Every structure is written in C-alpha cells, then in structure tokens.
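Which chain is which? The protein sequence lines are A and B, in order. Sequence positions in the first sequence follow numbering that gives the first Met the number 0 and run 0 to 411. Sequence positions in the second sequence follow numbering that gives the first Met the number 0 and run 0 to 411.
FYI, nobody ran anything at the bench for these hints, they're computed from the structure. Don't take each hint at face value.
One copy or any two copies: either way a pair holds, since identical chains are not told apart in the list.
What the hints assert, rightly or not - In silico lysine to any residue, SDA-like type, Cα no more than 20 Å apart, as pairs: (1) K409 / I70; (2) K87 / A360; (3) K294 / G278; (4) K409 / C178; (5) K86 / K294.
On a predicted model such as this, the values are computed, not experimentally measured, just so you know.
Protein chains: 2
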Amino acid sequence: MEKLYGNAIVGQSGGPTAAINATLAGVIRGAQTARDCGEMETLYGMFNGIEGFLREDFCDLLTVFDEEQKISDLIHTPAAVLGSCRKKLPSDPKDEMYDRIFSLFSKHNIRYFFYIGGNDSMDTVAKLSRASAERDYEICLVGVPKTIDNDLDGTDHTPGFGSAAKYIATTVEEIIRDCSVYTVPAVTVVEVMGRDAGWLTAASALPSLVFGEGPDLVYVPERVFDVDAFLSDVKAALARHPNVVVTVSEGVRNAAGEYVGSLGQSGTTDVFGHKYLAGTGKVLEQLVREHIGCKVRAIELSLPQRCAGHLASATDLAESVRVGQGAVQTALEGGTGCVVTILRNDGAEYGITIGHSDVNAVANRVRTLPETFVNEAGNGVTEECLRYLLPLIQGEDTPRYVDGLPYQFKLR
Amino acid sequence: MEKLYGNAIVGQSGGPTAAINATLAGVIRGAQTARDCGEMETLYGMFNGIEGFLREDFCDLLTVFDEEQKISDLIHTPAAVLGSCRKKLPSDPKDEMYDRIFSLFSKHNIRYFFYIGGNDSMDTVAKLSRASAERDYEICLVGVPKTIDNDLDGTDHTPGFGSAAKYIATTVEEIIRDCSVYTVPAVTVVEVMGRDAGWLTAASALPSLVFGEGPDLVYVPERVFDVDAFLSDVKAALARHPNVVVTVSEGVRNAAGEYVGSLGQSGTTDVFGHKYLAGTGKVLEQLVREHIGCKVRAIELSLPQRCAGHLASATDLAESVRVGQGAVQTALEGGTGCVVTILRNDGAEYGITIGHSDVNAVANRVRTLPETFVNEAGNGVTEECLRYLLPLIQGEDTPRYVDGLPYQFKLR
Chain A
0 MEKLYGNAIV GQSGGPTAAI NATLAGVIRG AQTARDCGEM ETLYGMFNGI
50 EGFLREDFCD LLTVFDEEQK ISDLIHTPAA VLGSCRKKLP SDPKDEMYDR
100 IFSLFSKHNI RYFFYIGGND SMDTVAKLSR ASAERDYEIC LVGVPKTIDN
150 DLDGTDHTPG FGSAAKYIAT TVEEIIRDCS VYTVPAVTVV EVMGRDAGWL
200 TAASALPSLV FGEGPDLVYV PERVFDVDAF LSDVKAALAR HPNVVVTVSE
250 GVRNAAGEYV GSLGQSGTTD VFGHKYLAGT GKVLEQLVRE HIGCKVRAIE
300 LSLPQRCAGH LASATDLAES VRVGQGAVQT ALEGGTGCVV TILRNDGAEY
350 GITIGHSDVN AVANRVRTLP ETFVNEAGNG VTEECLRYLL PLIQGEDTPR
400 YVDGLPYQFK LR
Chain B
0 MEKLYGNAIV GQSGGPTAAI NATLAGVIRG AQTARDCGEM ETLYGMFNGI
50 EGFLREDFCD LLTVFDEEQK ISDLIHTPAA VLGSCRKKLP SDPKDEMYDR
100 IFSLFSKHNI RYFFYIGGND SMDTVAKLSR ASAERDYEIC LVGVPKTIDN
150 DLDGTDHTPG FGSAAKYIAT TVEEIIRDCS VYTVPAVTVV EVMGRDAGWL
200 TAASALPSLV FGEGPDLVYV PERVFDVDAF LSDVKAALAR HPNVVVTVSE
250 GVRNAAGEYV GSLGQSGTTD VFGHKYLAGT GKVLEQLVRE HIGCKVRAIE
300 LSLPQRCAGH LASATDLAES VRVGQGAVQT ALEGGTGCVV TILRNDGAEY
350 GITIGHSDVN AVANRVRTLP ETFVNEAGNG VTEECLRYLL PLIQGEDTPR
400 YVDGLPYQFK LR
C-alpha cells in the first residue's frame, strides 16, 4: 500500500480510567513525531467519541499541546479529557450513518483514525473497518485498548487496569489497618467493580503477597457464589481473628446465574415504594447480619477506583503512553482494522512489547481469570495470580499538586 | 509541685485517622528526649486504650522504637497501631474501677498518662482527673486530641482532620472529572462523614477555591435539610450543566430534627424483611430519581476517608507529631487535667502554636461550622470557610512504598 498522507483523528470512549489520557498523550506524541517527519498533517481530537465526530465537534490537538508541561499534565489527569460516549454503531456496513462518517473523513482528509476504549469501542473499530471495505476511501482504523476491567482479549493486560489495581490494593490495605483497631468481632465487605471478570477484585489480595496480610476472603465472578459456603467461610475466618475483611466483585452470581446484587431487590422497596438495588456488598452485609449477627459493614469502592489519578501506577501510565505511540506507529505502517496489544516478555524480569492484532479477534469477547488464578474453594486467588498482577502496580507517578490538590488538565 | 519521676503511658482511643499514629510518634519522641534528660524512665503503650490498661496489656515503646526508620514508618501508617476502644468510664469518681486504675498506676510507677482521642477520650481524661483529686497519687493526665471530624472545642483544628480533608477534596475533584465525560444529565451524590458538624463536607468544596471547579451543592448538618429546596437546587444546577455533583454530610437533618439518612428506613425492608438503613446519600439518590428522573448515583466515601494514609496532608502529619511532643512537654511542666490544643497564629502566613487548656472545657462539647462558613441558601460554603481550610491540606507526605504498596508499621 502506498503511504497515506493527511490528518489523523483520535477519540475516547467508554468509562473513564486513570490512564486513558496517558494513552491520548502517547497518540499526541506519536503524531507530533509523524508531523515533524512529514508523515502526517495534524491530529484532531473528537469530543465525546464518534457522537462528537458526527457533529464535527473536534479540535486540533497538535495546536493545543504545544508544550511538554501540558502533555505531562494530561498524562496525570484521570477520566477522558475529550469526553466519552457509549454509542453503538449499526451492524449493517451499508447503513447511511457510515456514509456520513466516511464523507466527513473525506471532507477533512482524515487518513488515520484512533479510538481509545474498551470492548464496545473495539466493536466500533471493527464495524468501521467493515464499512471501510465497502467504500473507496483509504483510511487506517486502529483501536487502542483501555479498561480498568482488564477483560479485553488478545492483550496481556489493558492500560488503566494497573492504576485501578494499585488503588484497590492500597485502599483495601488501609481498610484492613482501619478494621484492625477494635477487638469486637466485625466483618467488612468491600465491593469492587467487575461484572464478568474478577481481575480488579483479585488485585485486592496483593497486600497478602507483599506483606503477608490481605483480605480473608475474595469472591470473583468466575466462580459460582454459594450463600452457605460464604457464611461458613466467614464463620471460619471469625474463628481465626476478630476483624474479617471480604472483597467481592459486583458481578458474582449464584448457581441459578442471578447476580447476587440483584437478590437485594426482591421484596426491597424504598421510602417511595420503588425497588431498591442494594448492591452486592450490601446483600452480603445483610447475609452476615442475619445469619452470623456480628458487627458488619459494606463498602463500595465505586467511581474512585477508576479515576484515582493521585494513586496511578507509574508502570501503567508509562505503558499507556507507549500504547498510544504504538497506535500511531501501527497506523503509519498501514495497519488497519486492528487493535494495539501489550505482550508480556518471557523471562523473570518484567517487560512488555507493543504489538497489534485483528480487532475482530478482540471485539465483543471477555477475558476472564484463568482457572489457575482462583483457589479450589473459590474464596481466594492463587499466588500465581498475584505474581501476574504485581508488576502492573509498580511505581508511583503522582500529578503535580497546586495548593494541596492534584492539578488536572482540562481541554474545555 | 515537685517534679515527678517515673514512667509514662500512652493510649489511643476512638475511631482511626491517618494521623493518630503521627501523634503517637510525637509522644514517643518527646518521651525519648525526656528519658535522655533524666526526666522520665520509659513510655509504655497500652493496647486498646483504657480497656487494655485494665488488663495490664501494654508494651515498652522506647524499647520498640529504637530507630528513626520505625518512627518514620509509624508516622505514615494510618489507624491506631496500639488499637482502640470505645469504653466509657463511670461517672462516680469513687467507683472501684478507678481504685483498680490508680493501683495499676502505682504498681507500675506511672506518673504521666497520655490519651490520644476525640470527644469520648477527653471525657476519659476528665473523669480520671476527677478521680485523681480523690486519691493520694500524683500523676499528670493529659488529653491529646485527634478526630477527623474537627469538632473538638478549644482548638483551631484537630490532628487527623487535615488528611481526611485532603483525601475528600482530592476524591471529589476526581469524581467531578470522572462525571464530566458524559453529556447525559446526571447527578452524583457524595456522602461524607460528619454526624453533627460539616467540617469534612465543607472540605469537599476546596477544589472550587483552588481551581474554580467544585461540587455544585454542599449540604452540612449546621443547616436544616429541606427536601423541596434540595430538589429545586438540583434542578437549577442541571439547567447550568449536565454533570451535577452534590456533597452531603451523613448527619443532615430535616426541620423535625430527624436524620435524612434515617428516612430511608421507613417502609424499607431488605430481602430478609429487615429495616434497611439506606444512608443519607442513598436517600438523596432516591429523591432525585423520583422527582427529577435523570441518571443518579450515590457514593459513600466510607472508611477510606479516615484511613487514607497514602494521601495524608504533610501539614497535618507534622502538626500531629508536634501535638504529641507538646503533650509530653505539658506533662513534664506539671500540666494535668488538660488537653493539648492547636492555636492558629495571627497574620497572613499560616502558622500554629501548641497550647493546652482545661479538659473540662473541651470534653463533651461539639464545635460546629461558624455561621459565616455556610452560605445564605444553606447549599454551599463560603470563601471564608475555604480560606480557613486550605492551609490544613498543604503538602504531600507519602509513606514509603514496597513493591507498589504503602508500607505499614505493625506493633503486633
């Protein structure tokens, strides 16, 4: 294929992470180099993903990011500076929405398209790719992975996961310390994000590997959640020491395949007579209160686990930048319909190589914890799992602080 | 009074904070100096406060802390390394429990007693002080303040508050960033600790002062919470921009004096038929869902806001150490029945002086936000309030990290 020359555009999609802006920074750095080498005109940033693109709502990122300090601030700012969307594109590659998209590509001479996101965003790239095959317009379409969930197929791990894992492990370590001060038997249930995969919840056990003290019990969606087994696990833990800490994925399901968090709904109405979704942690709290009767408290880590830029993993941020740069490199080499991947190098010392694979092999698949990462009883993770996770949370790379608070870069 | 010579003992009581161990470190440093100057034998640490003391469960802290690294690690470890208790001593100073306590003082030649804690702990010091007046045993009894709630009377602020305030302000800033990525109207309610005083919730507005962007609405217990006013506030905020963030103290009450959080109880039963305490944030979430109907989510900052040692305020940690040293100094000078206080220096530049006052003037009183710290509408805090708070969150003093996680000092 002859080399394309024109503009590039980048968007962010899906839920925020602490590292999605670091990936954007990598794309910007890659584009700066490409422009300086005469391989690219400029890089646009679309606001609110493909939705904003359809409204022609974008800006020239190479003009905005004219000094290194701004890029450094961007790297350390959580969430998505370009905004996000959750739009699902039509399945039919001949749909007129694609006519609109490709006419805009042509109008702005866009030859490189980068989309940073999770599973749904890879679906967008795959669909654009199929629509592209139907049309006579040359463009390189590259997916750039991010998701705190780490559930994307074809990559060793995803940008954003390491920072969320570091936040969760640290916060659970601090909660364990907090709970240790009293002698009265008490159970603390920490609910962690993860509908289908237990990667984040597994990370809560990292203090066990590093300091020999972690949550007593860890429940992930990869195993059926059995109420009786849970209660007997908790009783056994209380017999060992008074301060029991449990971590649980929001997405654990019972043998019937029902979300445990949804069990709180049946019969539960709030002050307005509405069904009230208690949440997985709250349901476990009620189970302990009802059947064991000791002091019990549920804590939902909620949004902070995905946007805690102040506690980002240095490894994660650095890799996220590399992934963004790798996307530009891949596109310049003519790669299209593909997604950038992280390959873990062989050998004892941790290291990665940036690669890429067919986006169709990645989109709409969920990568769950391997069988050997969960213990036999289904109430904890294995050392093999923790050794896989540990390199991803290494290093502290904090934002700059202004008057005691982290500085955040805002685009508008 | 002739100078006493003998041992000192220190305990920690009440809820954990990120700085209570820093105060303990200050007491240890003060005692080391006193021992080296021949003014004190050694310093014991009682486990689980006065409860542990009654069981003679204590250790020699000057033997344990034989190197500066351990003291530094202690400063950066959240919660209470000696453990805590919530025991309330009898009102009658002639109660036999005091006979037991004073016989133990005598048995171990304890001449200095330091009790680090909040309101209840000051009550303990006040009662021991009255019991002391009835007995022929010379001892200096000194209260050492800590509470994230900042609601202790007679002191400009309390050790532990600045770190909690920094965590809350940072986390709310990050939540605002997270919420900013979507264009769909959404309300996020962040519930902050504080039963009777709004200091912590007020701190959530610090990003407004520093960066001009903070929570849209702030509700504190110092003002009556009116449901209609709340809903009209939220609607007005939604008319300005789609991502509304509200912070609220857990302890806000309606005009009838009922906790808003308790309103979630009436009619609400869980899957087991139990009354379910929804929490203040959840009640506000339901109000928005019912009466406004947009996307809404409640986040409870829960325990992490009081034990996030990884994001401690350097100012808070340094002052907490000084308060601990001040306690030893006060006792060596013969002070008893008193509590160490922090006085803010006059002048534009922030600075403090350590003082002390009668523990009876402090115990069992609650210091709430001054009238001028809350705006007229009762849905925000004033710049005067934020200028009072800002110096307390200055500086980052992080723990040392081992394999990506904060190192925590453990005594046993």
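Results of checking the hints against the structure:
When the C-alpha separation of K409 and I70 is checked against a cutoff of 20 Å, the pair qualifies only within one copy, where the shortest distance is 11 Å, while the shortest distance between copies is 40 Å. Taking the closest pair of Cα atoms, K87 and A360 come within 20 Å of each other only inside a single copy of the chain (18 Å); across copies the shortest separation is 64 Å, beyond that limit. For a Cα distance limit of 20 Å, the shortest separation of K294 from G278 qualifies both inside one copy, at 19 Å, and across copies, at 17 Å. With identical chains, the CA atoms of K409 and C178 are at most 20 Å apart between copies only, with a shortest distance of 13 Å across copies and 38 Å within one.
Proximity of K86 and K294 under a CA criterion of 20 Å is satisfied inter-copy only: 17 Å between copies versus 44 Å inside one chain copy.
Figure legend: structure checked against the earlier numbered hints; every hint is met.
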